[in-house]
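**Q** So the protein sequences, as listed, match chains A and B.
In short: position in the first sequence from 1, add 237, done, that's the numbering used here.
In short: position in the second sequence from 1, add 20, done, that's the numbering used here.
Hint data in this document are derived by calculation from the structure and do not stem from the laboratory.
Hints are not guaranteed to be accurate.
Under the rule of at most 25 angstroms between Cα atoms (straight-line distance), these lysine to aspartate or glutamate pairs were calculated in the DMTMM-like manner [what the hints assert, rightly or not]: (1) B:LYS131 with A:GLU325; (2) B:LYS84 with A:GLU325; (3) A:LYS381 with B:GLU68; (4) A:LYS381 with B:GLU112; (5) A:LYS381 with B:GLU129; (6) A:LYS328 with B:GLU68; (7) A:LYS312 with B:GLU121; (8) A:LYS387 with B:GLU101; (9) A:LYS367 with B:GLU68; (10) A:LYS367 with B:ASP148; (11) A:LYS262 with B:GLU144; (12) B:LYS97 with A:ASP380; (13) A:LYS381 with B:GLU59; (14) A:LYS262 with B:ASP148; (15) B:LYS55 with A:ASP420.
Derived list of chain B stretches under chain A, where covered just means 3 residues or more per stretch with a C-beta under 8 angstroms from a C-beta of chain A [unchecked claim]: (16) 66-72; (17) 92-99; (18) 118-126.
Model, not experiment: these values are computed from the prediction.
Yeah, the Cβ is synthetic: ideal placement off N, Cα and C, and Gly gets one too.
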Amino acid sequence: MTNTIHTIGLLTVLLFMSARVSAQKIYTKNGRIAFYSKTPLEDISADNNQVMSVINTQTGEVQFSVLVKNFRFKKALMEEHFNDSYLESGKYSKASFKGLIKDIAKVNFKVDGSYLVSVSGDLTIHGITKPVTAPCTLTITGDKTAGSAKFFVRPTDYNISIPKVVRDNIAETIEVTVNCNYDQQL
Amino acid sequence: MSKKKYLLLFVPVIMISVAGFIYSSYTRTGVNIKKANAEKVTAPTLYERFSNNTSRAKSDYLHKVLEVSGTVMRTNKNQQEQTVVLLKTMTEGAAVNCTLEEKLEDLTEGKPVSIKGICSGMGEGDLDLGIPADVYLVRCYVIKN
Numbered sequence: 238m239t240n241t242i243h244t245i246g247l248l249t250v251l252l253f254m255s256a257r258v259s260a261q262k263i264y265t266k267n268g269r270i271a272f273y274s275k276t277p278l279e280d281i282s283a284d285n286n287q288v289m290s291v292i293n294t295q296t297g298e299v300q301f302s303v304l305v306k307n308f309r310f311k312k313a314l315m316e317e318h319f320n321d322s323y324l325e326s327g328k329y330s331k332a333s334f335k336g337l338i339k340d341i342a343k344v345n346f347k348v349d350g351s352y353l354v355s356v357s358g359d360l361t362i363h364g365i366t367k368p369v370t371a372p373c374t375l376t377i378t379g380d381k382t383a384g385s386a387k388f389f390v391r392p393t394d395y396n397i398s399i400p401k402v403v404r405d406n407i408a409e410t411i412e413v414t415v416n417c418n419y420d421q422q423l
Numbered sequence: 021m022s023k024k025k026y027l028l029l030f031v032p033v034i035m036i037s038v039a040g041f042i043y044s045s046y047t048r049t050g051v052n053i054k055k056a057n058a059e060k061v062t063a064p065t066l067y068e069r070f071s072n073n074t075s076r077a078k079s080d081y082l083h084k085v086l087e088v089s090g091t092v093m094r095t096n097k098n099q100q101e102q103t104v105v106l107l108k109t110m111t112e113g114a115a116v117n118c119t120l121e122e123k124l125e126d127l128t129e130g131k132p133v134s135i136k137g138i139c140s141g142m143g144e145g146d147l148d149l150g151i152p153a154d155v156y157l158v159r160c161y162v163i164k165n
């Protein structure tokens with residue numbers, strides 16, 4: 238009887254471990270991207286909690302995709318200006334990033350911990366694609382992986398023109414924060 | 021009353037009205053979803069419409085307040101601790117993805133529910149990886165469960 242219980246226990250552990258090892262692609266459809274603009278006149282921030290992101294844990298390939306219209310501001314007027322005048326979300330409805338975690342090999346997805354890695358790739362906003370490199374932290378807790386990163390973008394690099402009248406209200410460089418809990422796997 | 025006195029009276033009134041209008045425009049927080057009229061549709065129908073004819077679905081549903089009825093596939097919490105309810109569709113792995121404004125703990129898998137929110141369209145999946153896109157509903161409230 239005791240042996241049977243031990244065998245079942247061992248099989249359960251092995252099954253759990255194999256599930257952890259075999260998940261090559263982890264993804265979420267509810268990640269978060271936020272941006273923050275700070276000027277002496279005004280602080281502006283917005284959140285998007287409908288971010289799709291996938292990481293291939295073997296190759297390090299990573300991608301993000303967001304509907305621009307899902308960025309949420311505190312004030313409706315800011316949201317309207319952001320969508321209609323600056324990002325033109327009717328015309329360029331999605332923003333995306335496709336890249337590579339070059340040092341993915343140093344992340345052991347079977348061992349809990351925080352791993353600092355570097356992500357490089359192409360960021361497409363407002364129909365313009367530019368290369369971006371950013372440090373990223375991958376945190377492994379059990380069978381869960383969370384990713385976070387922070388980097389800066391300049392609206393002018395993506396042909397986003399800010400009218401003169403509000404130019405002093407919007408920073409030349411915008412801080413972008415990414416947080417994703419990769420809660421699903423393939 | 022002389023013309024000058026009329027002007028002295030009306031100029032401040034007009035200035036205060038303009039300032040009030042600018043202030044209310046600047047600080048307004050958007051449509052009141054709970055009170056807004058909503059078009060009713062089921063989750064499988066909404067998803068099918070976006071999958072089969074995106075441009076038609078956009079003109080019918082995009083950025084409109086909808087009341088979507090369906091069955092709970094799964095719930096989870098996003099990074100800001102908001103409840104996300106995934107409503108079942110006819111496509112495996114795909115959902116109508118609803119982010120709630122209120123905390124709700126009793127939405128269990130398989131439960132029928134009606135959710136009111138703004139449709140923000142179909143996201144992006146990855147066909148190569150077999151990840152279908154979701155249709156998103158934001159600023160949501162549960163109407164019936």
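**Q** Look at each hint and say if it fits the structure.
**A** Going down the list of hints, with the structure as the test:
no., hint, verdict
1, B:LYS131 with A:GLU325, "violated (39 angstroms)"
2, B:LYS84 with A:GLU325, "holds (18 angstroms)"
3, A:LYS381 with B:GLU68, "violated (31 angstroms)"
4, A:LYS381 with B:GLU112, "holds (22 angstroms)"
5, A:LYS381 with B:GLU129, "holds (21 angstroms)"
6, A:LYS328 with B:GLU68, "holds (23 angstroms)"
7, A:LYS312 with B:GLU121, "holds (16 angstroms)"
8, A:LYS387 with B:GLU101, "holds (20 angstroms)"
9, A:LYS367 with B:GLU68, "violated (34 angstroms)"
10, A:LYS367 with B:ASP148, "holds (24 angstroms)"
11, A:LYS262 with B:GLU144, "holds (16 angstroms)"
12, B:LYS97 with A:ASP380, "holds (17 angstroms)"
13, A:LYS381 with B:GLU59, "violated (38 angstroms)"
14, A:LYS262 with B:ASP148, "holds (12 angstroms)"
15, B:LYS55 with A:ASP420, "violated (34 angstroms)"
16, 66-72, "violated (count 0)"
17, 92-99, "holds (count 3)"
18, 118-126, "violated (count 1)"
In this structure, the hints that do not hold are numbers 1, 3, 9, 13, 15, 16, 18, in rising order.
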